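Student: As a plain string of letters, each chain reads:
Number of protein chains: 2
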Amino acid sequence: MHNLNSTTQTHAGACNARLATEKVLTGDRPTGSLHLGHFVGSLKQRVLLQQQYQQTILVADMQGLTDNGFKPTLVAANILNLVADYLAVGIEPSKTTICLQSALPALAELTMYYSNLVTVARLERNPTVKNEIANKAFGQSVPAGFLTYPISQAADITGFMGTLVPVGDDQLPMIEQTNEIVRKVNHIAGQTILVECKPLLSQTPRLVAPDGKNKMSKSMGNCIYLGSDPLAIRKAVQSMYTDPNHLNISDPGRIEGNVVFSYLDAFHPEPDTVAKLKIHYRQGGLGDGQVKKQLEECLQQLLAPIRAKRELYLSDKQQLLDILKAGTELAQQETEIVVKQVKNVFGLSLF
Amino acid sequence: MHNLNSTTQTHAGACNARLATEKVLTGDRPTGSLHLGHFVGSLKQRVLLQQQYQQTILVADMQGLTDNGFKPTLVAANILNLVADYLAVGIEPSKTTICLQSALPALAELTMYYSNLVTVARLERNPTVKNEIANKAFGQSVPAGFLTYPISQAADITGFMGTLVPVGDDQLPMIEQTNEIVRKVNHIAGQTILVECKPLLSQTPRLVAPDGKNKMSKSMGNCIYLGSDPLAIRKAVQSMYTDPNHLNISDPGRIEGNVVFSYLDAFHPEPDTVAKLKIHYRQGGLGDGQVKKQLEECLQQLLAPIRAKRELYLSDKQQLLDILKAGTELAQQETEIVVKQVKNVFGLSLF
Chain D
10 MHNLNSTTQT HAGACNARLA TEKVLTGDRP TGSLHLGHFV GSLKQRVLLQ
60 QQYQQTILVA DMQGLTDNGF KPTLVAANIL NLVADYLAVG IEPSKTTICL
110 QSALPALAEL TMYYSNLVTV ARLERNPTVK NEIANKAFGQ SVPAGFLTYP
160 ISQAADITGF MGTLVPVGDD QLPMIEQTNE IVRKVNHIAG QTILVECKPL
210 LSQTPRLVAP DGKNKMSKSM GNCIYLGSDP LAIRKAVQSM YTDPNHLNIS
260 DPGRIEGNVV FSYLDAFHPE PDTVAKLKIH YRQGGLGDGQ VKKQLEECLQ
310 QLLAPIRAKR ELYLSDKQQL LDILKAGTEL AQQETEIVVK QVKNVFGLSL
360 F
Chain Z
10 MHNLNSTTQT HAGACNARLA TEKVLTGDRP TGSLHLGHFV GSLKQRVLLQ
60 QQYQQTILVA DMQGLTDNGF KPTLVAANIL NLVADYLAVG IEPSKTTICL
110 QSALPALAEL TMYYSNLVTV ARLERNPTVK NEIANKAFGQ SVPAGFLTYP
160 ISQAADITGF MGTLVPVGDD QLPMIEQTNE IVRKVNHIAG QTILVECKPL
210 LSQTPRLVAP DGKNKMSKSM GNCIYLGSDP LAIRKAVQSM YTDPNHLNIS
260 DPGRIEGNVV FSYLDAFHPE PDTVAKLKIH YRQGGLGDGQ VKKQLEECLQ
310 QLLAPIRAKR ELYLSDKQQL LDILKAGTEL AQQETEIVVK QVKNVFGLSL
360 F
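In order, the protein sequences belong to chains D and Z. Sequence positions in the first sequence follow the working numbering and run 10 to 360. Sequence positions in the second sequence follow the working numbering and run 10 to 360.
Just so you know, these hints were derived from the structure itself, not from any lab. A portion of the hints provided could be inaccurate.
Which copy is meant is left open, because identical chains are indistinguishable; a pair holds if it fits in one copy or across any two.
Said to hold, decoys possible - Distance condition first, Cα-Cα at most 30 Å in a straight line; then the derived DSBU-like pairs of lysine-lysine:
id: 1; residue 1: 244; residue 2: 193
id: 2; residue 1: 334; residue 2: 104
id: 3; residue 1: 80; residue 2: 207
id: 4; residue 1: 193; residue 2: 139
id: 5; residue 1: 104; residue 2: 285
id: 6; residue 1: 349; residue 2: 334
id: 7; residue 1: 349; residue 2: 326
id: 8; residue 1: 80; residue 2: 193
id: 9; residue 1: 349; residue 2: 80
Computed from a prediction, not measured in an experiment: that's the story for all the values here.
If we strip away everything but chain D, and leave its shape as in the complex, we get (with noise of 0.2 Å):
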């Protein structure tokens, strides 16, 4: 996962006249399906952002090998999924262009070339890789792959010459990362040939998991997918951690560190209607099943569609293929620009 999350529909409106030649740039690993999490982080602002700016989503599969180059077929099995999860939420593919980054091999030249202006050192202080490093576990055997992921997610911002990069705070080294690399590529030319390009920070807190202690994560398996049916997402409702001292219905409840509230506010609707809630189990006289009733409703309400659309078009491969394919071919011309002009100010454009 590209760990990109985007602003909330008022943060995109209120920026729309700045941005409007904006080149937005977003993606994700295909090492899971989409998950609640994303769709709150990040997919509802694709959708209102296509309609507003140029925006390319990579399916980044070579950066979802990075960690699993040695188990790969995690990766491949989850590409498809992906685009039927983008066009299940409403992503259209001819507002979008939705691309599969291992299919652009402007992306790997372009991160050859700036492989060279980054130092070694300088990946070890990345702080977001550092974190995942010490999360994933991987001890003295961190691939050389992983190390230099941020090189290679310059490359696919700079390859789409994307401006304006979705991301959650703690993405915001990756972005430091690519315009170090942009600025580095200009100096080298003496004149613009690439864009620095902005985040976009995400205005809405990260969900966490049912379980209130994670944040919602594909590989921690705690997750309500896209893709989940009604029985799963109930199962996870009830399992949801709410207040552990209201022992009675009638005692006041805290909405504090209440998963139950937290979702509700993601995902209700009706905000009054959340409000009146929260007065009411601060009161007391509310109970957590009655709570967790108005959630799940709401999570089969918005879920059942996008689940029938997205079981519809993964019924259909061959069309998600077609898609994937099309989409990417746009790409490959679009990064093929790019990689010709980098190519150019290391003078490496003979034929």
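Knowing the structure of chain D, use the given hints to seat chain Z on it.
Tutor: Then chain Z, alone, in the frame of chain D:
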């Protein structure tokens, strides 16, 4: 420079039967003109190898950038010089594929895939890279592309299904790294996709520089180049280190460490004449000037036609470009096949 020396004629001849199906892969970084060290160390052998085997020579411009990222004109300016050097010594484009690394995106793609199979720790242990990093005085600023260039070299070798790689013994760790990657890819595939390569170890000692202290090296600036003019050749021979205790012509002289004699061994067409000169020099009565005169004659004779051909080729840059382009197109076809097979191993051959 790939630093790939090749065997003596005898060795290559002796191995002829065994190696009949071998594919030779070799190359140079275009970071300077080729010199006499290359001539005895690799070029002569390539001229022979092309008679017996499929041979590919890679103009490794991308690798040249790994330590010249910020001064790329050095690399770009030397590409056609290198091709002219090859042609001048007798490499025939009809027998040897001469191709340009930067125009082969498949090699960049392979590098990306292999990067996930090699740990950072493994790269840091590579003795060749360790030495080179020490020699180049990068300090804390080793470019990522430099640390990872053994992976790129593995991509070069396997991208052409190279089975026989002419190297000096200092380059053996590169072969080892390549074969580790080959075995990992085959292990993931569950079958033989890539073939291991064998080093073709140089049997000739490395040519020392005229000062007798260093190896002849493009980066040291103490070379006799293939294109050196007669005066430069004369000066280099005149300045050669001999026997510092051989003060009078009548004194007995030492052959060991005497640069003039090591050059006579390497370049004089008649070993018997050299043997007689050695006896005479050891006995006393043979002046350094006389021996140098013999060497100079022999080098002038060797280099005059090479220099002339080189100048002729360099006078028609378009022809050089056409030759390089034709070879590169062939190489594109070859390497595309390999990258498709490797992508297939990772399940990424969707379209």
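Student: Determine for every hint whether it applies to the structure shown.
Tutor: How the hints compare with the structure:
no., hint, verdict
1, 244 with 193, "neither (52 Å within a copy, 42 Å between copies)"
2, 334 with 104, "within (15 Å within a copy, 38 Å between copies)"
3, 80 with 207, "between (34 Å within a copy, 28 Å between copies)"
4, 193 with 139, "both (23 Å within a copy, 26 Å between copies)"
5, 104 with 285, "neither (39 Å within a copy, 83 Å between copies)"
6, 349 with 334, "both (22 Å within a copy, 16 Å between copies)"
7, 349 with 326, "between (34 Å within a copy, 21 Å between copies)"
8, 80 with 193, "between (35 Å within a copy, 12 Å between copies)"
9, 349 with 80, "between (33 Å within a copy, 18 Å between copies)"
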